[in-house]
Amino acid sequence: MTRIHFKALPETFESFGEARRNGFLAVKQLKDQGRGVVGTFCTYTPTEIFLAGGLTPVGLCATSDETVSEAEKTLPRNLCPLIKSSYGFVVTDKCPYAYFSDLIVGETTCDGKKKMYELLARHKTVHVMELPQTQNLIYAKKLWRSEILRLKNAVEELFELSISDEAISLAIKRRNVERKLLKDLYELSALSPPPMTGLQQLRILFGSQFKFNHTDKVEELKQLISNLKETAQTNQGPVPKTHKRIVITGCPMGGATEKVVEAIEGAGAVVVAFENCTGAKQYDRLVDETIEPISALTEYYLAIGCAVMSPNPNRFELLERLCHQFKADGVVEMTLTACQPYGVESASVREFLNERGIKFMSVETDYSSSDSELLKTRAAAFIETLS
Amino acid sequence: MNAIGLDCGSSWCKGAWLDKNLNARELISRPAGWNLKKAIEEVLETLRELTGPGAIVAATGYGRGLVAGAKLRPTEIGCHAKGAEFLASGTRSVIDIGGQDTKAIGALNGKVLTFQMNDRCAAGTGRFLEKSLERLSLNLEDIDLITGVSPASVASLCAVFAESEIMSLLFQGVSRESIALGVVEALAEKAASLLSKIKPLSPVALTGGLCQCRTLAKTLSKASGVQVINLERGRHAGAIGAALLALSA
Ligand code: SF4
Ligand code: SF4
Numbered sequence: 001m002t003r004i005h006f007k008a009l010p011e012t013f014e015s016f017g018e019a020r021r022n023g024f025l026a027v028k029q030l031k032d033q034g035r036g037v038v039g040t041f042c043t044y045t046p047t048e049i050f051l052a053g054g055l056t057p058v059g060l061c062a063t064s065d066e067t068v069s070e071a072e073k074t075l076p077r078n079l080c081p082l083i084k085s086s087y088g089f090v091v092t093d094k095c096p097y098a099y100f101s102d103l104i105v106g107e108t109t110c111d112g113k114k115k116m117y118e119l120l121a122r123h124k125t126v127h128v129m130e131l132p133q134t135q136n137l138i139y140a141k142k143l144w145r146s147e148i149l150r151l152k153n154a155v156e157e158l159f160e161l162s163i164s165d166e167a168i169s170l171a172i173k174r175r176n177v178e179r180k181l182l183k184d185l186y187e188l189s190a191l192s193p194p195p196m197t198g199l200q201q202l203r204i205l206f207g208s209q210f211k212f213n214h215t216d217k218v219e220e221l222k223q224l225i226s227n228l229k230e231t232a233q234t235n236q237g238p239v240p241k242t243h244k245r246i247v248i249t250g251c252p253m254g255g256a257t258e259k260v261v262e263a264i265e266g267a268g269a270v271v272v273a274f275e276n277c278t279g280a281k282q283y284d285r286l287v288d289e290t291i292e293p294i295s296a297l298t299e300y301y302l303a304i305g306c307a308v309m310s311p312n313p314n315r316f317e318l319l320e321r322l323c324h325q326f327k328a329d330g331v332v333e334m335t336l337t338a339c340q341p342y343g344v345e346s347a348s349v350r351e352f353l354n355e356r357g358i359k360f361m362s363v364e365t366d367y368s369s370s371d372s373e374l375l376k377t378r379a380a381a382f383i384e385t386l387s
Numbered sequence: 001m002n003a004i005g006l007d008c009g010s011s012w013c014k015g016a017w018l019d020k021n022l023n024a025r026e027l028i029s030r031p032a033g034w035n036l037k038k039a040i041e042e043v044l045e046t047l048r049e050l051t052g053p054g055a056i057v058a059a060t061g062y063g064r065g066l067v068a069g070a071k072l073r074p075t076e077i078g079c080h081a082k083g084a085e086f087l088a089s090g091t092r093s094v095i096d097i098g099g100q101d102t103k104a105i106g107a108l109n110g111k112v113l114t115f116q117m118n119d120r121c122a123a124g125t126g127r128f129l130e131k132s133l134e135r136l137s138l139n140l141e142d143i144d145l146i147t148g149v150s151p152a153s154v155a156s157l158c159a160v161f162a163e164s165e166i167m168s169l170l171f172q173g174v175s176r177e178s179i180a181l182g183v184v185e186a187l188a189e190k191a192a193s194l195l196s197k198i199k200p201l202s203p204v205a206l207t208g209g210l211c212q213c214r215t216l217a218k219t220l221s222k223a224s225g226v227q228v229i230n231l232e233r234g235r236h237a238g239a240i241g242a243a244l245l246a247l248s249a
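Protein sequences, first through last, are from chains H and L.
Just so you know, my numbering puts 338 at position 338 of the first sequence, and the rest follows in order with no gaps.
Just so you know, my numbering puts 70 at position 70 of the second sequence, and the rest follows in order with no gaps.
I should point out that these hints are in silico values taken from the structure, not numbers from a laboratory.
A couple of the hints might just be wrong.
[Said to hold, decoys possible] Computed cross-link-like contacts, DSS-like style, restricted to lysine-lysine with a CA-CA straight-line distance of at most 25 Å: (1) H:K359 - L:K111; (2) H:K359 - L:K197; (3) L:K71 - H:K244; (4) H:K211 - H:K222; (5) H:K359 - L:K190; (6) H:K114 - H:K94; (7) L:K71 - H:K376; (8) L:K111 - H:K241; (9) H:K359 - L:K199.
[Claimed, not checked] Cβ-Cβ distance ranges computed for the label pairs, FRET-style: (10) H:R122 - L:W34: 41 to 47 Å; (11) L:N109 - H:K327: 25 to 31 Å; (12) L:S168 - H:A154: 51 to 57 Å; (13) H:V344 - L:L145: 26 to 32 Å; (14) L:G225 - H:A303: 39 to 45 Å; (15) H:Q236 - L:G33: 44 to 50 Å.
Source: prediction; values computed, not measured.
Idealized CB from N, CA, C, for every residue including glycine.
Using the sequences provided together with the hints, build the complete structure.
Okay, structure coming up:
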């Protein structure tokens with residue numbers, strides 16, 4: 001693998017939080033063993049392709065405003081913070097994961113992201129998948145299938161390896177085991193009271209993407225699930241039964257946007273489920289193990305209910321199901337500033353939930369902390385309306 | 001039992017004293033300035049002298065965490081709904097234009113059913129009008145005295161950008177009265193769009209610092225298509241609501 005070279009450690013890595021730092025050491029170890037790393041930005045990326053090639057996929061979606069001002073030197077200010085921050089972390093070499101990525105894979109999801117990838121390609125090797133913007137036309141499936149094959153070829157060529165169908169099937173099986181466990185885990189919050197806070201759930205879901213050893217990850221998740229079950233049985237959980245139950249939907253969450261969860265949970269409520277990419281959107285379904293693997297990946301990934309799709313029925317189906325399953329008292333949507341897909345779709349979500357008598361509040365925010373007070377007030381007022 | 005309600009906003013700290021018969025005995029306010037804590041203490045002390053010891057305190061607004069000894073700290077949204085019901089019984093909709101945010105509230109018997117609030121920036125809030133008037137050397141009270149001019153068109157709702165827009169209008173020779181009315185109109189448009197999201201029921205009570213501005217109520221009525229009325233003591237709706245909650249706690 002000629003393209004993979006190792007770089008010295010920039011000092012800024014030291015400042016990373018414990019979880020990410022541990023993950024970082026794991027990535028570095030993998031690199032030391034000569035394994036390639038692929039950086040991804042979106043739930044649509046079929047990571048099984050990389051796993052089947054013995055490569056390590058890692059999510060690069062940045063969740064802090066640390067590099068936003070750096071990014072704004074190139075990108076417009078009025079752009080989604082996720083895009084600005086992700087770009088900023090890559091070009092400043094501040095994200096260890098981006099730093100160690102031999103390849104970055106993106107999709108033509110929203111306009112901001114796909115244009116950002118063009119700029120990113122000046123700094124890193126970037127492969128952009130052409131994602132259809134609708135799910136049910138015949139061409140959509142055909143296109144997405146051929147894009148998955150094109151990705152496979154690109155990976156094979158770049159890393160000088162070959163990826164067999166058997167290897168993809170094995171990767172699917174393994175990822176399914178992880179998906180199933182993560183789903184089992186967050187579904188424990190359907191209990192009343194849930195055995196964990198929403199913030200704890202979010203951190204587990206978010207942190208799980210930085211665990212790279214399948215066997216260890218499975219063991220840890222099993223252990224966590226059994227601990228949480230015990231907590232539930234002995235009623236030793238952190239959440240009082242009287243707390244209002246909230247389902248969160250909208251743009252991806254984690255890092256800086258934990259402030260939304262904190263605002264809700266500081267006001268006598270608990271977040272029981274995340275419909276976002278950080279949560280159920282990713283783990284609710286499994287890849288079909290009974291059909292040819294490329295077709296299975298095509299079906300699974302194309303069906304993700306993200307607002308970049310038009311129409312986007314799957315988000316609504318999942319959201320409604322979560323509301324019932326988790327006995328939600330209300331839904332809070334988080335959209336990121338200047339995110340057009342989610343910002344516009346918000347009106348449909350409001351109407352959809354109104355028709356079903358489910359209380360709804362949408363908040364727009366970014367990665368700065370300047371609106372935490374505002375968020376607290378809004379969350380508290382929303383919770384007041386639920387009783 | 002006496003109750004003191006404090007509404008610690010970004011521009012003003014308001015206080016209300018309610019006695020056990022639910023009479024609003026005293027309503028006061030102090031500019032928040034930079035030292036919120038000092039303003040809060042002043043208001044609290046003034047009211048405590050009047051009520052004597054033993055009054056229960058409830059605090060709302062952004063500074064509610066700074067009020068020592070508050071028994072409860074409800075949100076200003078709930079308090080404005082309660083206060084508006086107290087000031088005008090039967091109120092179903094409230095529009096509160098505050099210093100750093102604007103809220104549209106749908107309520108029944110003083111309880112919030114639904115609400116809408118501006119996100120992050122100060123576009124279309126009281127601050128926007130305040131900044132603009134400052135630039136024009138006009139007072140809030142002056143607006144209702146303006147006659148015989150039509151409003152200039154002000155497109156920017158941002159407190160920062162509005163200033164440069166106002167300058168360019170002044171350079172074009174537009175009168176400051178006309179610009180002031182234009183600013184009120186822009187503010188009303190923004191508030192009306194928040195209002196429309198809660199499906200308001202007439203009459204809508206105008207609370208907050210601009211509650212006495214007749215021109216605003218009129219413009220807002222026109223922009224939203226529902227009648228908006230001035231609540232005489234509406235700037236204290238939040239503080240009164242807090243005091244009411246304290247009494248029923
Ligand atoms: S929200 Fe949509 S575009 Fe963003 S990561 Fe998720 S699937 Fe991708
Ligand atoms: S949050 Fe919205 S604008 Fe930002 S990357 Fe995702 S889809 Fe694009």
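If you check each hint against the structure, which ones fail?
-> 13
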